[in-house]
Amino acid sequence: MTTAKTGQVPLAHDSKTRAAPRRTALSAMGSRRLWLTVLGWGVAILIFFPIFWMIVTSFKTEAEAIADPSLIFSPTVENYVEVQQRADYFKFAMNSVVVAFGSTLLALLLAIPSAYSMAFLPTRRTKGTLLWMLSTKMLPPVGVLVPIYLLFRDTGLLDTRTGLIIVYTLMNLPIVVWMLYTFFKDLPKDILEAGRMDGASTFQEVWHLLLPLTLPGIASTGLLSVILSWNEAFWSLNLTSSQAAPLTAYIASFSSPEGLFWAKLSAASTMAIAPILVFGWLTQKQMVRGLTFGAVK
Amino acid sequence: MNKVRASGRTVGGTRALSLQAPAVTLLFLWMAVPLAMTVWFSFQRYNLLMPGMNGFAGLENYEYLFTDPALWSAMGTTLVLVGSVLAITVIGGTLLAVLFQQEFFGRGIARVLAISPFFVMPTVSALVWKNMMMHPANGVLSWIAELFGLPAVDWFSSLPLTSIIIIVAWQWLPFALLILLTALQSLDDDQVEAARMDGAGPLAVFFYITLPHLKRAISVVIMIEMIFLLTVFAEIFVTTSGGPGLATTNLAYYTYISALLDFDVGMASAGGVVAIILANIVAIFLVRMVARNLES
Numbered sequence: 093m094t095t096a097k098t099g100q101v102p103l104a105h106d107s108k109t110r111a112a113p114r115r116t117a118l119s120a121m122g123s124r125r126l127w128l129t130v131l132g133w134g135v136a137i138l139i140f141f142p143i144f145w146m147i148v149t150s151f152k153t154e155a156e157a158i159a160d161p162s163l164i165f166s167p168t169v170e171n172y173v174e175v176q177q178r179a180d181y182f183k184f185a186m187n188s189v190v191v192a193f194g195s196t197l198l199a200l201l202l203a204i205p206s207a208y209s210m211a212f213l214p215t216r217r218t219k220g221t222l223l224w225m226l227s228t229k230m231l232p233p234v235g236v237l238v239p240i241y242l243l244f245r246d247t248g249l250l251d252t253r254t255g256l257i258i259v260y261t262l263m264n265l266p267i268v269v270w271m272l273y274t275f276f277k278d279l280p281k282d283i284l285e286a287g288r289m290d291g292a293s294t295f296q297e298v299w300h301l302l303l304p305l306t307l308p309g310i311a312s313t314g315l316l317s318v319i320l321s322w323n324e325a326f327w328s329l330n331l332t333s334s335q336a337a338p339l340t341a342y343i344a345s346f347s348s349p350e351g352l353f354w355a356k357l358s359a360a361s362t363m364a365i366a367p368i369l370v371f372g373w374l375t376q377k378q379m380v381r382g383l384t385f386g387a388v389k
Numbered sequence: 015m016n017k018v019r020a021s022g023r024t025v026g027g028t029r030a031l032s033l034q035a036p037a038v039t040l041l042f043l044w045m046a047v048p049l050a051m052t053v054w055f056s057f058q059r060y061n062l063l064m065p066g067m068n069g070f071a072g073l074e075n076y077e078y079l080f081t082d083p084a085l086w087s088a089m090g091t092t093l094v095l096v097g098s099v100l101a102i103t104v105i106g107g108t109l110l111a112v113l114f115q116q117e118f119f120g121r122g123i124a125r126v127l128a129i130s131p132f133f134v135m136p137t138v139s140a141l142v143w144k145n146m147m148m149h150p151a152n153g154v155l156s157w158i159a160e161l162f163g164l165p166a167v168d169w170f171s172s173l174p175l176t177s178i179i180i181i182v183a184w185q186w187l188p189f190a191l192l193i194l195l196t197a198l199q200s201l202d203d204d205q206v207e208a209a210r211m212d213g214a215g216p217l218a219v220f221f222y223i224t225l226p227h228l229k230r231a232i233s234v235v236i237m238i239e240m241i242f243l244l245t246v247f248a249e250i251f252v253t254t255s256g257g258p259g260l261a262t263t264n265l266a267y268y269t270y271i272s273a274l275l276d277f278d279v280g281m282a283s284a285g286g287v288v289a290i291i292l293a294n295i296v297a298i299f300l301v302r303m304v305a306r307n308l309e310s
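Sequences listed follow chains S and F, in order.
The first sequence begins at 93 in the working numbering and counts up by one.
The second sequence begins at 15 in the working numbering and counts up by one.
FYI, nobody ran anything at the bench for these hints, they're computed from the structure.
Just so we're clear, the structure is a prediction, and the values are computed from it rather than from any experiment.
Do not take every clue at face value.
Stated by the list, open to error - Pulled a few chain F residues facing chain S out of the computed Cβ check, cut under 7 Å:
(1) Arg29
(2) Ala30
(3) Val53
(4) Gly72
(5) Val112
(6) Ala128
(7) Thr245
(8) Phe247
(9) Tyr270
(10) Ile291
For glycine and all other residues, C-beta sits at the position ideal for the given N, C-alpha and C.
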């Protein structure tokens, strides 16, 4: 929609001012567009290059990987085979999936009632509560690492998926509540009011009216939470060792001993980010709406 | 009408409370319990390697901490890291957002490529930069330097903090771009057009229309990034391990060293308390600023 609009602007401008014949204007626009294409793609490729290079390297032999950069080589999947023999990728990936989606689901379950009441039954304290919630995110994890570590050790949560799910749920809860709140607040009050007049209970109101109407917002909130949990490295490195270790730990395990084996490291890295990268690409449009906290309309 | 609203409010008060209770209680526990324990430990002599030596230490840990030059250096490093990455990502993100808002061939794909680093886990991006981009002998950057006949730079030993800043900024630039691009799409084209008709150049349009329009989005970017930048850990863990010397030890890493490498729970907790206080000082300013911006 926006594209169509911007596309029309120069033409409209042109016909109004009548400064130049249409054809010159069009070719001027064409060369401007050409430059923009070169610049835009240049920047995009520059930013994407490290990822691209990692993927390319993962298909090279170790000798080719440390040779002068080159795109001419015969691709091999040898690295993937070897990496898989060293550590079972699927075990780590499974942990990542369970932990990321489990914590997201739990965070949504806790956050929906909370955000509902903040959006539709606001009190004097609502703003304060929201800011307080967000401020807990500013608490550096290192500040509380020791107690959490000791608590987890004593309760047997160390190196368990449950433990990691608990941590990630609480870690993302403030952001999830905040985002849902902004989405809920956008909803016209009359709709829920009408439901209430018909005698709907709070649960029915949320389940039959609020959730279906704000599904896109809830989805984008969930997406962000999944990505943040997937990529979180501090807690996963410090609270897991073998059983519950997710992909962040998988890749860290390759960092020192495999430091000199770049091709294998690249293969492991590519596997670690592939699921979330594709997930991110597919959902970026949706996610953006949530990331802006409703502040950007 | 008034009656309904008045009664609705009191009923709503208790209902609101009960609906919020689970999230608020859990978050409070999550914050308060470890915090209380951290503060408690920080006054204890408690080293996991020296059992039987435990006891009340008073301010000993803090005394040691504040006379430890490493703490001050870690504070400085934290602030430089956060400040530089914020500056790079906000300025760079704004410029990129304007660029990717223009119409050009294949814009959709170019955008997706440009935001990709945001989805890459910090451990991976740190490893890729360390081994494939910035490696002094075989890295792509040194290869490029050689092409131009320049000496190769040993990034992590001669420019350690700069290297970390580059890596972290690379991860967060796409985030800023993503948010600011969305904000730009709601910019009123007619307003820009009107300004152009009045003879405003592209620079004037940018400074007087685009930038003010992005104010709120920029404050959102700053707020979210700040939360994550204050606690940068994986990038340092994987690349420099805080070194050489203390060059890349931020508060997060400093606490980590005392806790998990020196097994000194007391010291680590004192470091944690300092990290929390520092984060809160920053947070108070920030939350105020952002809250004001989001209000309007």
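Hint by hint, where does the structure go against what was stated? Just the numbers, ascending.
Hint check: 3, 4, 5 and 10 fail, others pass.
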